[in-house]
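Chemist: Each chain, written out:
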Amino acid sequence: MESRNLIWLIAPPVLGFVAIYLLLPQARRLTPIWGGALAALALVLGAALLVRTATVFVESLLFYAFAGITMAAGVMMIAQKNPVHAALSFALVVLSTCGLFLLQAAPFLMAATIIVYAGAIVVTFLFVIMLAQQEGASSADERSREPFLASLAGCILLASLVCILHQAFDTRHLDDIARELTQITEAKDDVEIKRLSCLGDPTKTDISKLTRPLVEKLKEHYPEGTRGRAEADQLQIQWVRMEVEPLKKTAQSLLQAIQSTGSLALYDVPGKAKTPGHREPGKLPAGNVAALGKTLFTDYLIAVELAATLLLVATIGAIVIAGRRSEVLR
Amino acid sequence: MSPATLESYLLVGAVLFTLGMVGFLTRRNLILMFLSAEMMLQGVAINLVAFAKFRGDLGGQVFVLFILTVVACEAAIALAMILMLYKRKKSLDVSLWQELREPDQEPILDEDVMPPGDKPAEFEHLTPAGAEPPPSKEAEEVSHV
Chain R
1 MESRNLIWLI APPVLGFVAI YLLLPQARRL TPIWGGALAA LALVLGAALL
51 VRTATVFVES LLFYAFAGIT MAAGVMMIAQ KNPVHAALSF ALVVLSTCGL
101 FLLQAAPFLM AATIIVYAGA IVVTFLFVIM LAQQEGASSA DERSREPFLA
151 SLAGCILLAS LVCILHQAFD TRHLDDIARE LTQITEAKDD VEIKRLSCLG
201 DPTKTDISKL TRPLVEKLKE HYPEGTRGRA EADQLQIQWV RMEVEPLKKT
251 AQSLLQAIQS TGSLALYDVP GKAKTPGHRE PGKLPAGNVA ALGKTLFTDY
301 LIAVELAATL LLVATIGAIV IAGRRSEVLR
Chain A
1001 MSPATLESYL LVGAVLFTLG MVGFLTRRNL ILMFLSAEMM LQGVAINLVA
1051 FAKFRGDLGG QVFVLFILTV VACEAAIALA MILMLYKRKK SLDVSLWQEL
1101 REPDQEPILD EDVMPPGDKP AEFEHLTPAG AEPPPSKEAE EVSHV
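As they're listed, the protein sequences go chains R and A. Residue numbers 1 to 330, in this note's numbering, belong to the letters of the first sequence in order. Residue numbers 1001 to 1145, in this note's numbering, belong to the letters of the second sequence in order.
Since the hints were derived computationally from the structure, they do not count as laboratory data. Any given hint might turn out to be false.
[To be verified] Which residues of chain R face chain A? A few of them, derived with a C-beta cut under 7 Å, are:
#1 GLY74
#2 PHE101
#3 LEU102
#4 GLN104
#5 ALA106
#6 ALA112
#7 THR124
#8 VAL128
#9 ALA140
#10 ALA150
#11 LEU158
#12 GLU243
#13 LEU292
#14 ALA318
No residue lacks a Cβ here, since even glycine has one placed at the ideal position from N, Cα and C.
Chain A on its own, in the form it takes in the complex (with noise of 0.2 Å):
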């Protein structure tokens, strides 16, 4: 028999799309709800490629390589947004956005606490340039001529 059926190959789609459907309901952070949407393009591809495969047609790898196109279009546009949302609101959190919802809906408040001491990560950083050396004899002799 072949190795793996097709049925195996849709089941991963599956999964990966339906888990990216979750990360994009739960997380509140906008760059993760934008790698959850791209996750759920990335089982749709698997699809597509598992048929291309079984059917022995390459029409779906074309059409995995248009997604790649509209991926790369969203990714750009996507920043573009979120650097212009961070710049208004200082944060990542779309809860900060929910003054465009509708009219009649009531809004999302926090109500757990979070418990305390549990300090948020730091997050990396480039290293700052080293201090400045200081100026050497002959530099000042020279700057005083």
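Just chain R, same shape as in the assembly (with noise of 0.2 Å):
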């Protein structure tokens, strides 16, 4: 990786941990208005460098919205002194997460992480600290524990991360294929395609004997034994021969394959199995909750059973801890 990318890559956690050093709270702090600011700083040149999204408006446009509320709840929740406006914060940072699954089609996620997290444990959090803080904050929620460690800590934990994701997930080098396959699939007739495998030589008229980077592309990133690579070598034959209906149609499969799931990689794996839960990749089930019934019942039977063993040995465990009455209100 270049030095310069690097740099563009560490640049946002960088900032915006200093802007968390700045806003959590201790004794002595600057006006948050420094912080914050910074830490917006941060996240709009996250989302400029980082984030890539594409055509389609709206998507995009929830997405921002939702990742953006989550993260700056996130900010406002560690860095904030009243415990009560903290767990208000966080119920927001459930309920923006919830707009993210349904962004991603889990719409039953959605409704019982709201149940869950924002109708059960918020509230009760809530119960509690006003229970037990009746007289007001106290100096502990002031200070905070190794502010600039624990920030540091932060900073090269999320930047690493960063890093590696890029590495693995960037889908950047992909819009050339993408590109390339589209230009096949629009393709009018057979000379255009000629013309096509010729890209940056027109002098070459011999089309069997030139080596196609498209193809070579695609067998870069499809293991040997995948549905992938089987697809590429019959692109490859079927450019040999100027088959060009058969070699639109591949084409087609293979761009689908890109724009629906982003990444090449999660294309196909070899030796995976297919479950009853697993489809196409980028493609769901339709009934959410139908397939995930399915799926929790067949394949992750034993698991509900433990589930329901752990919820039930948590409830019991509950009310031995809190049941006990101590010495003085006896």
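Got two chains here, separate frames each, mind docking them using the hints?
Modeler: This is how it looks when you write it as structure tokens:
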């Protein structure tokens, strides 16, 4: 990775955690305006440099809105002095996370998360805060433990996560492949396809001897034995033989895989067993609740039973721990 | 192209996880520490749902359901324990429990003095019931009889 590239990757996390260091409750604190402005700058910079969305306007807008609210409310939660306000900020984090769930075709999880988190946990936490601190905020809420070291640790963790995610999941290099595949699918006749296969060197006319960079790139991304590799081979053969219609069909199929998953690496994994919940990449079954129930009670049946047992044990444990009368009350 | 790539969802998850970690390390209120831990779990849940979407495999969503179960259990136990700790020390400050530290560790003391005049904020209360109404004449007569 180029060092200049690396600097741009690391800049948003570093800025963000300088902002958080300024925002954390401390005995001597600047006005929160500076920290807030720095945090906003880091968010905008991160959105501009790291996040990549494309043409579908409404979904991109919703993604930016929910992701921005999630992160801003998360910063507010750890920076608030008043624990009640912090708990309410956490409720905001949960609600906007549920928006992200909805964008990712998980409506049941959205409902379940709202019910469990916002409906039960946050309300119970607020109840306990109000029960326990009736005399007002304690000075412990106005201080932080080791704010500098903790921000530094967070900065290092986030920067390394960003770098690794960028290396593993960056899809920028797929744009060329997608563009060339689109050119093939939109070609009118075989003359145009011949011209396409001579990209970069129009003097060469013997297409069967050309190495096609597109096919090479595709083969680089699909390991041996996957369906993607098979389709890439098919594409090459059809291209050499100039079978126009099958060629277009194969290119269309590959293009769809790239567009729906955003990544070739996820297209097909060798040796992956098909489970009832498993569909084509980027395509979840239409009935979310029904399919989720089916997966839950076929593949994960034992885990469901164990989860039920865990809930029972936790209930008994909570009653035993909280129900014990202390000596003072007796 | 797809509206938002897998990478962007994973980035949101990573940011939430890191924020939760920083909150857990810095805040001294027991309840806020637990809320921070649950924010970390939210980051993980975003990751799992994103993988479920982009791989077309519902297993990720099922994992998030199990995370929800564990979170509910954790919250129940944590609240019970927080109540017990509060009964002992009459405070939610986690630094009051630092006698549990390792024998060779230095105790953490607050060195900076809080700026004066910065009074801690009042919390929301339930409004107390109104003043007792004065007894009416009829009621007095009845009680005399």
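Chemist: Any hints this thing doesn't respect? Which numbers, in order?
Modeler: 3 and 12
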